[in-house]
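Using the hints, build the complex out of the two chains.
Residue numbers (my numbering), protein chains in the order written: chain A, 1 to 136; chain B, 137 to 423.
Please note: incorrect hints may appear among the correct ones.
Said to hold, decoys possible - Over 12 Å on every C-beta distance to chain A, these chain B residues come out as not near it, computed from the model:
{"#": "1", "residue": "Met140"}
{"#": "2", "residue": "Met160"}
{"#": "3", "residue": "Leu162"}
{"#": "4", "residue": "Thr165"}
{"#": "5", "residue": "Gln187"}
{"#": "6", "residue": "Thr188"}
{"#": "7", "residue": "Leu223"}
{"#": "8", "residue": "Glu260"}
{"#": "9", "residue": "Leu318"}
{"#": "10", "residue": "Pro345"}
{"#": "11", "residue": "Thr360"}
{"#": "12", "residue": "Ala381"}
{"#": "13", "residue": "Ser407"}
{"#": "14", "residue": "Ile408"}
{"#": "15", "residue": "Glu411"}
Claimed, not checked - For lysine to any residue, the following SDA-like pairs were computed, each having C-alpha atoms within a straight-line distance of at most 25 Å:
{"#": "16", "chain 1": "A", "residue 1": "Lys119", "chain 2": "B", "residue 2": "Glu353"}
{"#": "17", "chain 1": "B", "residue 1": "Lys158", "chain 2": "B", "residue 2": "Ala389"}
{"#": "18", "chain 1": "B", "residue 1": "Lys320", "chain 2": "B", "residue 2": "Glu280"}
{"#": "19", "chain 1": "A", "residue 1": "Lys119", "chain 2": "B", "residue 2": "Tyr279"}
{"#": "20", "chain 1": "A", "residue 1": "Lys79", "chain 2": "B", "residue 2": "Ser191"}
{"#": "21", "chain 1": "A", "residue 1": "Lys79", "chain 2": "B", "residue 2": "Arg288"}
{"#": "22", "chain 1": "A", "residue 1": "Lys127", "chain 2": "A", "residue 2": "Ala33"}
{"#": "23", "chain 1": "A", "residue 1": "Lys127", "chain 2": "B", "residue 2": "Lys320"}
{"#": "24", "chain 1": "B", "residue 1": "Lys167", "chain 2": "A", "residue 2": "Asp16"}
{"#": "25", "chain 1": "A", "residue 1": "Lys79", "chain 2": "B", "residue 2": "Glu349"}
{"#": "26", "chain 1": "A", "residue 1": "Lys119", "chain 2": "B", "residue 2": "Leu290"}
{"#": "27", "chain 1": "A", "residue 1": "Lys40", "chain 2": "B", "residue 2": "Asn346"}
{"#": "28", "chain 1": "A", "residue 1": "Lys79", "chain 2": "B", "residue 2": "Asn183"}
{"#": "29", "chain 1": "A", "residue 1": "Lys79", "chain 2": "B", "residue 2": "Asn346"}
{"#": "30", "chain 1": "A", "residue 1": "Lys119", "chain 2": "B", "residue 2": "Thr294"}
{"#": "31", "chain 1": "B", "residue 1": "Lys172", "chain 2": "A", "residue 2": "Thr31"}
{"#": "32", "chain 1": "A", "residue 1": "Lys40", "chain 2": "B", "residue 2": "Val189"}
{"#": "33", "chain 1": "A", "residue 1": "Lys127", "chain 2": "B", "residue 2": "Gly296"}
{"#": "34", "chain 1": "A", "residue 1": "Lys119", "chain 2": "B", "residue 2": "Gly296"}
{"#": "35", "chain 1": "A", "residue 1": "Lys102", "chain 2": "A", "residue 2": "Lys79"}
{"#": "36", "chain 1": "A", "residue 1": "Lys127", "chain 2": "B", "residue 2": "Pro356"}
{"#": "37", "chain 1": "A", "residue 1": "Lys119", "chain 2": "B", "residue 2": "Asn346"}
{"#": "38", "chain 1": "A", "residue 1": "Lys119", "chain 2": "B", "residue 2": "Arg287"}
{"#": "39", "chain 1": "A", "residue 1": "Lys40", "chain 2": "B", "residue 2": "Ser191"}
{"#": "40", "chain 1": "A", "residue 1": "Lys127", "chain 2": "B", "residue 2": "Asn388"}
The hints are simulated quantities; they were obtained by calculation from the structure and are not laboratory data. Even glycine gets a Cβ: it sits at the ideal position worked out from N, Cα and C.
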Amino acid sequence: MAEDSKVFQVEIITPDRVFHTGEATMIEFNTAAGELGVYKRHIPLTTVLAPGIVRIHNDGEEDVVAAVHSGFAEILPEKVTLLAEIAEWPDEIDKSRAEQAKRRAEERLASKAESIDIKRAEFALRKALVRLDIAK
Amino acid sequence: MASMRDIKRRKGSIQSTQQITKAMKLVSTVKLQKAKNRAEQTNPYFNYMYQTVTSMLAKSGTIDHPYLKKGDSTKKAVVVITSNRGLAGGYNSNVIKLVLGEEALDPKDVLVYAIGSKGKEALERRGYEIREDASSIIEAPVYEDAAALCRRVLEAYTSGEIGEIYLAYTHFKNTVSHIPTLLKLLPVEFDEEDLEKSAESNVLMNYEPNEEEALDEIIPKYVTSLFYGALVEAVASENGARMQAMDSATSNAEEMISDLTLKYNRARQGSITQELTEIIAGASAIS
Chain A
1 MAEDSKVFQV EIITPDRVFH TGEATMIEFN TAAGELGVYK RHIPLTTVLA
51 PGIVRIHNDG EEDVVAAVHS GFAEILPEKV TLLAEIAEWP DEIDKSRAEQ
101 AKRRAEERLA SKAESIDIKR AEFALRKALV RLDIAK
Chain B
137 MASMRDIKRR KGSIQSTQQI TKAMKLVSTV KLQKAKNRAE QTNPYFNYMY
187 QTVTSMLAKS GTIDHPYLKK GDSTKKAVVV ITSNRGLAGG YNSNVIKLVL
237 GEEALDPKDV LVYAIGSKGK EALERRGYEI REDASSIIEA PVYEDAAALC
287 RRVLEAYTSG EIGEIYLAYT HFKNTVSHIP TLLKLLPVEF DEEDLEKSAE
337 SNVLMNYEPN EEEALDEIIP KYVTSLFYGA LVEAVASENG ARMQAMDSAT
387 SNAEEMISDL TLKYNRARQG SITQELTEII AGASAIS
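Okay, chain B solo, but in the shape it has when bound (with noise of 0.2 Å):
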């Protein structure tokens, strides 16, 4: 039976822990509430952004377009949202081995764009060609900071250096659930029943100056949108993983100082009885 004092140290030692998570589960519960905010809001421009690109791909399905189909060059270019810190529980493992598991990215045709540099460590470390960290963005994400980081994935698109452009990263259903998701950017695919939906509407849309410029403008920027809903929604996800692992590292230690405590007193109710029984072996060898 460990001693009284071993048993303790050790509780003192999982209090303090205790504290740490219950102290970190309720930062990132503000945390959450903000991003979560801020999420809601970035919803409707990216609901209507894919409206709008739907309903002008649905009309004008045989426009040949470089944004619309495969580019020539079999590098593909990977964005990986992940956080620059750990304690989220399964939050950065689930987009990697999302990505690692997607057997069409193979690691010797993919450059990885990283956004958090936990993602880009793990990658890098599987040998992946990391092409830019951009692991500062997912601090503050602000809108300029993903159109410029768009522009550059784009440009490289366009020159053909890479033919096809994903996004992983973690999307924010809701306060509990959070889902590892890869997206295929570029070339843009939609989902057919959204493209026939859109096409029944009965609107003729006419395009100023003309369709093939206005996609030019609108499709970047519809991939900019993408990517900041992305981020927005990836900062959620990793509060509220963060907040959810805190919150049982916090219950599992509350267990363990309770188990302990029992422990404690196990052990303080055995040592008085064994002080007893010597004091009275004692005393009767006297009398």
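Excised from the complex, chain A in its bound form (with noise of 0.2 Å):
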């Protein structure tokens, strides 16, 4: 098993398009349950996930970033899959209108109106964050 090669299959797939298929040593995101590290061999595992950056280490050559919100993952041994609903590659996301959002969302949360869905406004105000955390 020495020989045997650390690098395991990727896949991002969206509604709209199959986002990213690669290989990846290590790969990061960020799942309702806390940040998530996977290497090959993991065990089995499906995952929710929550809004933040996907992050895929491959030996030798530059990480692929990305930002990824709501969905779920399915880790196997050789292969981890990603269905998310939305994803982003940095240079896809307009920084005015996240910033807009992250305004909006903040607005809402702080007036406490009975009339607003906290949830939504929790989840905006997140995906708002990522947007500009994986832009700078």
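Structure follows, in structure tokens:
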């Protein structure tokens, strides 16, 4: 097993396209239960994604970074699949729009009005923060 | 025999109709290409979603979850996807016929969520209750719209207002064949074979946080992906159907024109012959 490669398959699929396919030695992403880093031969696991940055490491190559919001991940020993409702490359993100969305969400949360859906506002805020974070 | 002028006028009108149908055919061919590409790109997401959900359910068959059993209410929600515009052959009427012909869907028990005004109008006329008209979605289907509609339908389901959710749309099999399809979305039902197959795969899956919460998250996403997939396929089917309809309209016009041309030439020849006979008769009368 010593010669065995540490590389496994990674796929990120969104409703509109196959966002990314490639190989990785390690992948990091954010789940509902906290951040998760996956190497090859991880136990099979299905988990719910939280808005966050996906970082795909591959030896000798630059890390692949993308923003992913909501969806779930299926982890198998040889393959990790992220089914994301929204996924974006850093250069696809409109910073000013994310800035606005952040302000809006903050205002909504601060207003504490009965009518607002706190969960959705929080989700919007987290999305905006992730976008700003990765677009830097 | 119709006069030469009548035939000419008729020919002219058919010719201009043919130009319109020809142009419409070209437009829908281009739209079909785009819609087809989109439908193909949506496929992997949907397929993977289906696989994951079936394998989840196969391994956790005994889970007691609201999404997996029938609701108490006898009301049924039907999401009907048609188009906003006509001239697409049998595209709209096929979907409507499918809904009308389904015995389980009694007009009294059905709440229609209409996407596409053609379907909405037809079902309204026949006494179905239109719960919501979301016809603007079909113009340019995006995932967010599908998700928003899906959320509203699911809310009605979880609050007990409706007991079952159906989806009527046109499946885009390929460019020439589009199949009107009625799908039961909730409670979730799966092909027994698919379930058995995925149960046989020997991976023992773990779930985080736990199975029930994961199902809570994943099933709405699964339903949304079905919604979205259906929307994208419906758009492709619509354009495919329109392309076919316009193609046959154009070739019918072609046929009529050649028929009329023949008639016109005959009439022309007839009138010349008649003139000649008259002149000759007149000349012989003088001499």
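Against the structure, the hints come out as follows:
1. No Cβ of chain A approaches the Cβ of Met140 (chain B) within 12 Å, the least distance being about 58 Å, so the stated non-interface status holds.
2. Chain A leaves Met160 (chain B) outside its interface by the beta-carbon criterion, the shortest separation being 27 Å against a cut-off of 12 Å.
3. Separation of Leu162 (chain B) from chain A is adequate, the least Cβ-Cβ distance of about 26 Å exceeding the 12 Å criterion.
4. With a closest Cβ-Cβ approach of about 22 Å to chain A, Thr165 (chain B) is found to remain outside the 12 Å limit, as its non-interface label requires.
5. Not every Cβ of chain A is farther than 12 Å from the Cβ of Gln187 (chain B); the closest lies at roughly 9 Å, contradicting the non-interface assignment.
6. Non-interface status of Thr188 (chain B) relative to chain A is broken: a Cβ of that chain comes within 12 Å, the nearest being about 6 Å off.
7. Taking the minimum C-beta to C-beta distance to chain A, about 29 Å, the non-interface status of Leu223 (chain B) holds against the 12 Å cut.
8. Every CB of chain A is more than 12 Å from the CB of Glu260 (chain B) (nearest about 31 Å), matching its label as outside the interface.
9. No Cβ of chain A comes within 12 Å of the Cβ of Leu318 (chain B); the nearest lies about 22 Å off, and the non-interface call holds.
10. With a cut of 12 Å on Cβ distances, Pro345 (chain B) falls inside the contact zone with chain A, its closest approach being about 6 Å.
11. For Thr360 (chain B), the requirement that its beta carbon stay farther than 12 Å from each beta carbon of chain A is not met, with the minimum near 8 Å.
12. Taking the minimum C-beta to C-beta distance to chain A, about 29 Å, the non-interface status of Ala381 (chain B) holds against the 12 Å cut.
13. Listed as outside the interface, Ser407 (chain B) is consistent with that label: its C-beta sits roughly 64 Å from the nearest C-beta of chain A, beyond the 12 Å cut-off.
14. With a cut of 12 Å on Cβ distances, Ile408 (chain B) stays outside the contact zone with chain A, its closest approach being about 66 Å.
15. Look at Glu411 (chain B): its CB is around 70 Å from the nearest CB on chain A, clear of 12 Å, so calling it non-interface holds up.
16. Distance hint between Lys119 (chain A) and Glu353 (chain B) is fulfilled; the C-alpha atoms sit about 14 Å from each other, no more than 25 Å.
17. The straight-line distance between the Cα atoms of Lys158 (chain B) and Ala389 (chain B) is roughly 10 Å, inside the 25 Å bound, and the hint therefore holds.
18. Taking the CA atoms of Lys320 (chain B) and Glu280 (chain B), the gap is near 22 Å; set against the 25 Å cutoff, the hint holds.
19. Note on Lys119 (chain A) and Tyr279 (chain B): the hinted pairing holds, with a Cα-Cα distance of about 20 Å set against a maximum of 25 Å.
20. Our distance criterion of 25 Å between C-alpha atoms is met by Lys79 (chain A) and Ser191 (chain B), whose separation comes to about 16 Å.
21. Proximity of Lys79 (chain A) to Arg288 (chain B) is assessed by CA-CA distance (about 35 Å); at most 25 Å being required, the pair is judged violated.
22. The straight-line distance between the Cα atoms of Lys127 (chain A) and Ala33 (chain A) is roughly 17 Å, inside the 25 Å bound, and the hint therefore holds.
23. As the CA atoms of Lys127 (chain A) and Lys320 (chain B) are separated by approximately 33 Å, the hinted pair breaks the 25 Å bound.
24. Proximity of Lys167 (chain B) to Asp16 (chain A) is assessed by CA-CA distance (about 17 Å); at most 25 Å being required, the pair is judged to hold.
25. About 23 Å separates the Cα atoms of Lys79 (chain A) and Glu349 (chain B), which keeps this hinted pair within 25 Å; it holds.
26. Distance check on the hinted pair: Lys119 (chain A) and Leu290 (chain B) sit about 17 Å apart at the alpha-carbon level, within 25 Å; holds.
27. With a C-alpha separation of about 23 Å, the suggested pairing of Lys40 (chain A) with Asn346 (chain B) holds against the 25 Å cut-off.
28. As the CA atoms of Lys79 (chain A) and Asn183 (chain B) are separated by approximately 16 Å, the hinted pair is consistent with the 25 Å bound.
29. A threshold of 25 Å between alpha carbons decides the hint, and for Lys79 (chain A) with Asn346 (chain B) the separation of about 21 Å falls inside it, so the pair holds.
30. Our distance criterion of 25 Å between C-alpha atoms is met by Lys119 (chain A) and Thr294 (chain B), whose separation comes to about 18 Å.
31. In summary, the hint linking Lys172 (chain B) to Thr31 (chain A) is not supported, as the alpha carbons are separated by about 34 Å, beyond the 25 Å threshold.
32. Taking the CA atoms of Lys40 (chain A) and Val189 (chain B), the gap is about 24 Å. The hint holds against a cut of 25 Å.
33. Our distance criterion of 25 Å between C-alpha atoms is broken by Lys127 (chain A) and Gly296 (chain B), whose separation comes to about 31 Å.
34. Of the supplied pair hints, the one linking Lys119 (chain A) and Gly296 (chain B) holds, its CA atoms being roughly 22 Å apart against a limit of 25 Å.
35. Restraint check for Lys102 (chain A) and Lys79 (chain A): not satisfied, since their Cα atoms lie roughly 34 Å apart, outside the 25 Å limit.
36. For the suggested pair Lys127 (chain A) and Pro356 (chain B), the alpha carbons sit about 20 Å apart, so the restraint of at most 25 Å is met.
37. With a C-alpha separation of about 21 Å, the suggested pair Lys119 (chain A) and Asn346 (chain B) falls inside the 25 Å cut-off, and the hint holds.
38. As the CA atoms of Lys119 (chain A) and Arg287 (chain B) are separated by approximately 14 Å, the hinted pair is consistent with the 25 Å bound.
39. A distance of roughly 22 Å separates the Cα atoms of Lys40 (chain A) and Ser191 (chain B); the hinted pair therefore holds under the 25 Å criterion.
40. In summary, the hint linking Lys127 (chain A) to Asn388 (chain B) is not supported, as the alpha carbons are separated by about 55 Å, beyond the 25 Å threshold.
Checked against the numbered hints above, the structure violates hints 5, 6, 10, 11, 21, 23, 31, 33, 35 and 40; every other hint is satisfied.
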